[in-house]
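Protein sequences, first through last, are from chains Z and U. The first sequence lines up with residues 1 to 322 when you count with the numbering used here. The second sequence lines up with residues 323 to 770 when you count with the numbering used here.
The set of hints was computed from the structure by calculation and includes no laboratory data. Among the hints, a few may not be true.
Said to hold, decoys possible - Example chain U residues on the side facing chain Z (calculated, C-beta under 8 Å, incomplete): (1) Glu575; (2) Tyr577; (3) Gln721; (4) Ala724; (5) Ser728; (6) Asp731.
To be verified - Below are the SDA-like pairs computed for lysine to any residue, each with C-alpha atoms no more than 25 Å apart in a straight line: (7) U:Lys462 to Z:Leu73; (8) U:Lys732 to Z:Asn287; (9) U:Lys732 to Z:Ser183; (10) U:Lys732 to Z:Tyr262; (11) U:Lys732 to Z:Leu102; (12) U:Lys394 to Z:Tyr262; (13) U:Lys732 to Z:Ser188; (14) U:Lys567 to Z:Ser183; (15) U:Lys567 to U:Glu497; (16) U:Lys732 to Z:Val263.
Please read all numbers here as calculations on a predicted model, not as lab measurements. Quick reminder that beta carbons are idealized off the backbone N, C-alpha and C, glycines included.
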Amino acid sequence: MTADTAIPGAVLVAPPTRRGAPPSLRGRRLGARANRRLLAWVFVAPLLAVNLLVITGPGMASVFYSFTDWDGLSTPRFVGLANYAEMLGSGAVLNALVHNVLWTLFFLVVPMTMGLVGAFLLSRLRRGQAFFRVLYFIPYVLATVVSAAIWRQILDPDGGIGAALATLGIPFLADVNFLGNPSLALGSVAFINTWQWWGFLLVIFLASMRSVDPALYEAVRLDGAGPVREFWHITLPSIRPTLVFLGLMTVIWSFLVFDYIYVLTQGGPAGATDVLSTVLYREAFQNQSHGYASAVAMLLSAISALTVLGYLALRRRLGWEV
Amino acid sequence: MRITKRALVPVSLVAAVSVALAGCVGGGSSGGGGEVTYWGAFYAPTTEEAFQEIFVDGFNADSDAKVDMEVKELTTIGQLTETAVSAGEAPDIVYSDGPTSASDFARADRTLPLDEYAEEYGWEEKFLPWAYELSTVDGKVSSVPASYGSMALFYNAEVFEEHGWTPPTTLAEFETIAEEADEAGMVPLGGGNAGYQGMNEWLVTAVFNAAVGPEKIYDVLTGEASFTDPEFVSAIELIQSWIDKGWLAGGSESYFTTDDTANVTGLANGTTAMYVSGTWTFNSLSEVFEDPAQWAWAPLPSLNESVDPGVFPLAIGTALSVSADAADPDAAASFIDYVTGDVDRALSYTARTGENPPPLEMSADQFPEDVDERSVELYTQIPETSNVGYATWTFFPPQTNAYLISEFDKIVTGDLTAEEYLSGMQDAFDEEFDAGETLVPFTPQGRG
Numbered sequence: 001m002t003a004d005t006a007i008p009g010a011v012l013v014a015p016p017t018r019r020g021a022p023p024s025l026r027g028r029r030l031g032a033r034a035n036r037r038l039l040a041w042v043f044v045a046p047l048l049a050v051n052l053l054v055i056t057g058p059g060m061a062s063v064f065y066s067f068t069d070w071d072g073l074s075t076p077r078f079v080g081l082a083n084y085a086e087m088l089g090s091g092a093v094l095n096a097l098v099h100n101v102l103w104t105l106f107f108l109v110v111p112m113t114m115g116l117v118g119a120f121l122l123s124r125l126r127r128g129q130a131f132f133r134v135l136y137f138i139p140y141v142l143a144t145v146v147s148a149a150i151w152r153q154i155l156d157p158d159g160g161i162g163a164a165l166a167t168l169g170i171p172f173l174a175d176v177n178f179l180g181n182p183s184l185a186l187g188s189v190a191f192i193n194t195w196q197w198w199g200f201l202l203v204i205f206l207a208s209m210r211s212v213d214p215a216l217y218e219a220v221r222l223d224g225a226g227p228v229r230e231f232w233h234i235t236l237p238s239i240r241p242t243l244v245f246l247g248l249m250t251v252i253w254s255f256l257v258f259d260y261i262y263v264l265t266q267g268g269p270a271g272a273t274d275v276l277s278t279v280l281y282r283e284a285f286q287n288q289s290h291g292y293a294s295a296v297a298m299l300l301s302a303i304s305a306l307t308v309l310g311y312l313a314l315r316r317r318l319g320w321e322v
Numbered sequence: 323m324r325i326t327k328r329a330l331v332p333v334s335l336v337a338a339v340s341v342a343l344a345g346c347v348g349g350g351s352s353g354g355g356g357e358v359t360y361w362g363a364f365y366a367p368t369t370e371e372a373f374q375e376i377f378v379d380g381f382n383a384d385s386d387a388k389v390d391m392e393v394k395e396l397t398t399i400g401q402l403t404e405t406a407v408s409a410g411e412a413p414d415i416v417y418s419d420g421p422t423s424a425s426d427f428a429r430a431d432r433t434l435p436l437d438e439y440a441e442e443y444g445w446e447e448k449f450l451p452w453a454y455e456l457s458t459v460d461g462k463v464s465s466v467p468a469s470y471g472s473m474a475l476f477y478n479a480e481v482f483e484e485h486g487w488t489p490p491t492t493l494a495e496f497e498t499i500a501e502e503a504d505e506a507g508m509v510p511l512g513g514g515n516a517g518y519q520g521m522n523e524w525l526v527t528a529v530f531n532a533a534v535g536p537e538k539i540y541d542v543l544t545g546e547a548s549f550t551d552p553e554f555v556s557a558i559e560l561i562q563s564w565i566d567k568g569w570l571a572g573g574s575e576s577y578f579t580t581d582d583t584a585n586v587t588g589l590a591n592g593t594t595a596m597y598v599s600g601t602w603t604f605n606s607l608s609e610v611f612e613d614p615a616q617w618a619w620a621p622l623p624s625l626n627e628s629v630d631p632g633v634f635p636l637a638i639g640t641a642l643s644v645s646a647d648a649a650d651p652d653a654a655a656s657f658i659d660y661v662t663g664d665v666d667r668a669l670s671y672t673a674r675t676g677e678n679p680p681p682l683e684m685s686a687d688q689f690p691e692d693v694d695e696r697s698v699e700l701y702t703q704i705p706e707t708s709n710v711g712y713a714t715w716t717f718f719p720p721q722t723n724a725y726l727i728s729e730f731d732k733i734v735t736g737d738l739t740a741e742e743y744l745s746g747m748q749d750a751f752d753e754e755f756d757a758g759e760t761l762v763p764f765t766p767q768g769r770g
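Kindly produce the complete structure, drawing on both the sequences and the hints.
Structure, rendered in structure tokens:
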């Protein structure tokens, strides 16, 4: 509407222009936008406060303490990069770091493969799938201390599975001390943790596989593909976001591993199962070297941060979605 | 009900501020008005019940103040307390698993000097001199010892009788029994650290005292000698020889998968010949042995000709202090004296629970009839002998002790030589000694 076509006597109202609404309407919109922003902050504020209190605050404190010599009681003494220099030259930290890397590789390969294959096989079951899903998931809901105690009994060289098999005339495990032999201890703890963990992966993968379009399977079957090709060409690409996410989390969790190792071996025998978390714990709570322990914590955080950044870079480059 | 945005704003702000303030408002001492907070940890529910009745309820009935006890896990109370003290959230009475931790708290001014209370309650006269001396830091009384014990050699009297063995007093006698036990298919010497790496220092304490001797240990603790001296090297090599022969815990691998309970069970069922442990084992021995009369203890044998047999390494298991934040320090000190300062009350607790008594001056006739006679024998022998030594967890500074425990694994696996292990121990000790963080040990009684 323009002034030329205006009806005489009618009140002229300036038409909306491209540059914006009339001042009163624009004000109302701005007010609504501000309200929405305020409302967003209102919802975020409690969570932000919790975050500042229990994550950001202690995190910043750890950064500070990592540059100090502090026993947890007296006044921290600033020592610059001394803790970091000591950490980087420490055989115990290097030993633990190697174990963390081995642990990560193990968990990226063994439980992930077991979970994937198990989920694929279960997805093809027409009856009894729920039973197996529950069966494999049960270990995941057991407390770490409980499952560790069970496995300590099973692997006990005197009264465990080795001794039991020996009484049946199968002696090959009779003298194997899974948790006492430095060469076997780390693998044994990883095995026990896998026993608990793989069922969780299986359930997640299975849920992800269920969302794959059945038409894709029908199409590939018409092309004469068998189960292996179905898995390789349809299933795996379709659940890639889940796979990538769990892979990413596996790397992060593997560097934070503590519970099973502490309960079963406390990092022993002779450091054979030490990981960065057990070194950190020992330095902080047994040696009272809280400053040095904070430096180890910084190393752990840096590894996790690098992992996430690496993932983000891959996603940007390859266009992967999670 | 419709929730408006305007209503949400104050609610949200209040929530955020509350969350933030929750972290700023310290629980601190919950004392005040004669209320005293105390954290206890116990071997068994029956022990907790006895402590509550004898000490807490008894004190609350006899006093205007009121003690509120919170029970923690025995294995973690030391670390929980250190964390709480560090965060300024300690209970009014601060538990320490020995004078070393107590002295750390005192040096950091997290606990109060107790000199006035020591005078008021006469602690210097009540406690054994070495224990009282250990409770002081820089000349001020900083803690009160609540229990003490020692190391001993435990065995099954029936098994010893069957094999015609008597408790060894020398290295030769010890090794003869070990050889015969080994030939009989037994584990000659129990040991291990499964579930609790600290068990490493039980063995090291026993061997240091029995093979190196209290005099030499005293010299090291006062900076006059070194852990790298030949006596210490020989002592560690002696342990290595037992490991190599498969005598200790049945071998190096079994060492890491054997815990205290398994060792006591081994004694009870005759598969383990001897076990070096502390007086805290009295409780579990009586529980595990089908016939509790069959377990027995003997003083440690001499493991070196220059050391007299029968040395008792002394250890303070628990020390109590008063938090610097305590609202009613008088009431807290009064409760500490109630728990530790009365022989009859302390021994009634020992009689009921088997727990170690405080290091009080006491005679055999003061023990109630229902205290196990083997316990009475030990606690009356210790004050009478001059052959007493030093438990590592009581007399060694924290980092040296942490090194001793964690690196001993490598002695068991053979990854470290005795010289390397002891050199690292001396390095850790030098650092703490130079920083003035070591306790002053009592003078060996042989030196007068």
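So, going through the hints one by one against the coordinates:
1. Glu575: 4 Å, holds
2. Tyr577: 7 Å, holds
3. Gln721: 6 Å, holds
4. Ala724: 5 Å, holds
5. Ser728: Holds - the Cβ of Ser728 (chain U) comes within 8 Å of chain Z, reaching about 7 Å at its closest.
6. Asp731: 4 Å, holds
7. U:Lys462 to Z:Leu73: 19 Å, holds
8. U:Lys732 to Z:Asn287: 18 Å, holds
9. U:Lys732 to Z:Ser183: Holds, at roughly 14 Å.
10. U:Lys732 to Z:Tyr262: 18 Å, holds
11. U:Lys732 to Z:Leu102: Since the Cα atoms of Lys732 (chain U) and Leu102 (chain Z) sit roughly 22 Å apart, the hinted pair holds (cutoff 25 Å).
12. U:Lys394 to Z:Tyr262: At roughly 20 Å apart (the allowed maximum being 25 Å), Tyr262 (chain Z) and Lys394 (chain U) satisfy the hint.
13. U:Lys732 to Z:Ser188: Holds - the C-alpha atoms of Ser188 (chain Z) and Lys732 (chain U) are around 20 Å apart, at most 25 Å.
14. U:Lys567 to Z:Ser183: 21 Å, holds
15. U:Lys567 to U:Glu497: Holds, because 11 Å separates the two Cα atoms, which is no more than 25 Å.
16. U:Lys732 to Z:Val263: 20 Å, holds
Checked against the numbered hints given earlier, the structure satisfies every one of them.
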